[in-house]
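> Please build the complex by placing chain B on the supplied structure of chain A, with the hints as guidance.
Listed below are the residues making up each chain.
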Amino acid sequence: MIEIDGLTKRFDQVQALAGLSLTAQDGRVTGLIGPNGAGKTTAFRIVYGLLTPDQGAARVDGVDVAKNRMLAQRQLGVLPDVRGLYPRLSAREHIRYFGQLHGAHGAALETDIDDLITRLGMTDFADRLAKGFSRGQELKVALGRALVHRPHNLILDEPTNGLDVMSSRAVRELIAEMKAEGHCILISSHIMSEVSLLCDDLVIVSEGRTVASGTPDELRTQTGAEDLEEVFVRVLARHPANASADTKAAQ
Amino acid sequence: MMDQTANGWIRRVLIVLKKELRDHSRDRRSLMLALIYPMLGPMLVAGGLYLAGKTLQGDFRERFVEVPAVGIERVPDLKAYLENNNVRFSVAPPARQDQEDAVREGRLPVVLIVPDRVSGQNAFTIELITNTGRVDNLRVTARLSAIVRGFNDRIADQKALAAGLPTGYATTVKIARINVARDANIAVFFYNMVPPLVIFMIFLGGVHLAIDTTVGERERGSLEPLLLAPVERWVLLLAKALAALAFTGVTTVVNLSAFRVFMGLAASSSDRLVAPPGWEVFAVIFAVTIPLMAIAVALQMSVAVITRSMKEAQIYLGLLPLVPALPGMVMVFSPMNPTDVTVAVPVLGQMLLINQLIGEQALDPQHVLIASLSTILSAALIFGLAAKWFRREKMFVLG
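Sequence order for the protein chains is A and B.
Taking this note's numbering, the leading residue of the first sequence gets 1, the next gets one more, and so forth.
Taking this note's numbering, the leading residue of the second sequence gets 1, the next gets one more, and so forth.
Same shape as in the complex, but just chain A:
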């Protein structure tokens, strides 16, 4: 379970987070959605221990990230928005490197790597150097890297960004499988159709704070809108400063 409790964070003149709170439950997919600059990436970075909050706390399976970063990171698999591969390492070497950094080694690690390569459809490029990989191939390597230590909690930032139809479907199926296995999954996405297909719970963020949350059905009822894109636009419309930007983001 991932808990975010009253997070605030300021960068010089910019108030990135202003009391953001949410809970992502085990066995559910929680979607964090909001316009650009709403604070999603900052919140994620606090959860996975890259940034320290000014106030509030982030907890992973009850572990306060600011107080015990490494313990929290062991329970967490992250797919950042920027995939960031090493061009001179192969896909397999990437996954092995991160598995080893998480303490795995030996035959057990190699078996896990082989399983991931098969599961993510990477067999034909597993031993090629990453330089020249397509965005889909990059994403698969980054996913393998995030999953190799079998984390209970997952943070996926724009998990299908730039993928073709088949690859997107494969990623959605993987997320569904992991949810069924009881993992806690927190995703961020701008693709409303994907959010609609994947998420059990939604948290809409604007100006660094939660402006609406609930299941998709609850949010539809609250706003009187049928599809999630319209829900998103109507929620943000209640916050005039965001209205125009949010409409663009939803489009």
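Don't read these hints as lab results, they were simulated from the structure.
Glycine included, each C-beta is placed from N, C-alpha and C at the ideal position.
Any given hint could turn out to be false.
[As the list claims (entries may be wrong)] Simulated coverage check for chain B against chain A, where a stretch passes if three residues somewhere in it have a Cβ under 8 Å from a Cβ of chain A:
1) 15-24
2) 218-224
3) 227-238
[As the list claims (entries may be wrong)] With a straight-line Cα cutoff of 30 Å, these simulated DSSO-like cross-link-like pairs (lysine-lysine) come out:
4) B:174 - B:159
5) B:388 - B:18
6) A:131 - B:18
7) B:174 - B:79
8) B:79 - B:54
9) A:67 - B:311
10) A:67 - A:179
11) B:394 - B:311
12) B:311 - B:54
13) A:131 - B:394
14) A:131 - B:54
15) B:54 - B:394
16) B:159 - B:79
17) A:67 - B:388
18) B:388 - B:311
Quick look at chain B alone, frame taken from chain A:
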């Protein structure tokens, strides 16, 4: 569960180190910097030594020197004296302009001119068209001047004897030169260029790796995923520094070996040049420079982690090797003796020790200890600062 013991962090250092070495052994730029660049300095120095050996070395008295001359037959006594001193005359162009052009352009070393009016005179002036901007010219000019001085002394003595005066009457003081320098002094001058060039290369060897594994990772976006792994930040930086240190070590081995091989070849091309110090001396130089490699890498890492882009890091770190190399270049011309105080100055201490080794002087073990401790402690301090800066949020938020 992750191992929290001392062995645990050492294992994590080794994992990251192994990855960096694998990654950069596949990188052409890193390999060029480690294996090819270190040979360029030695090739240049050895090339200079080879040319100097050919141009300057050798005993002039045993060799003929060819002097293009005009009108030398007008002064038969001088001509005979010069020929007895191994001067051979050749034909020079008759026109003055052609003579000057030929010397200026290096086609002729000098032109000796004996004017018409000199015939039958007891005292006269001869002209020597020379070009002091050329080494071969200096050699002939110096040789001729010395022989003509000898001729004047002989005539003066003959005149003194004829007048019933003692020899040496016209020349009260003569200088008899007793040269105690080895014939090889020109080679030693070149060997003295080794320390600053070695130090320059030490500060360059790991620079690409230091930049690429820190600010380069940030630019490529691979730093953020790496920092998501449950690894201490200082462990990550230490592993990257050790990888840079390994490349610096390889660079230094290639550099020192190339100096020994190329300078040995250049020295063997002339029997007048002394051989460079032996391999065992170069092995000791490598050992003495290990603390220097540590401080070079620590400085590189500290600069790399505070810069905002690879370009900025490349600018600063491109200048870094000049700072320690400059005092070394000064010491080529103005040697400094090591003392307990001077060897305690980080980097300078190693420079002085390498100078001593290249000069084939014995090292004082106390100096080695002081220099090593001082530089290693400084390197640790600088690395500590780099590790502190590596934890800053700006490392990830900006850039």
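> Please go over all the hints and tell whether each is borne out by the structure.
To see whether the hints hold, each was checked on the structure:
1. 15-24: Contact hint for the stretch 15-24 of chain B vs chain A: holds, 6 residues under 8 Å.
2. 218-224: The restraint on the stretch 218-224 of chain B holds, since 5 of its residues have a Cβ under 8 Å from chain A and three suffice.
3. 227-238: Holds, because 6 residues of the stretch 227-238 of chain B bring their Cβ atoms closer than 8 Å to Cβ atoms of chain A.
4. B:174 - B:159: holds (17 Å)
5. B:388 - B:18: holds (23 Å)
6. A:131 - B:18: holds (20 Å)
7. B:174 - B:79: Within the cut-off at roughly 23 Å; holds.
8. B:79 - B:54: Distance of about 28 Å is within 30 Å: holds.
9. A:67 - B:311: Violated, because 36 Å separates the two Cα atoms, which is more than 30 Å.
10. A:67 - A:179: holds (28 Å)
11. B:394 - B:311: holds (18 Å)
12. B:311 - B:54: Given pair residue 311 of chain B, residue 54 of chain B is violated - Cα atoms ~44 Å apart, limit 30 Å.
13. A:131 - B:394: holds (28 Å)
14. A:131 - B:54: violated (51 Å)
15. B:54 - B:394: Violated: residue 54 of chain B and residue 394 of chain B sit about 58 Å apart, past 30 Å.
16. B:159 - B:79: holds (19 Å)
17. A:67 - B:388: holds (18 Å)
18. B:388 - B:311: holds (22 Å)
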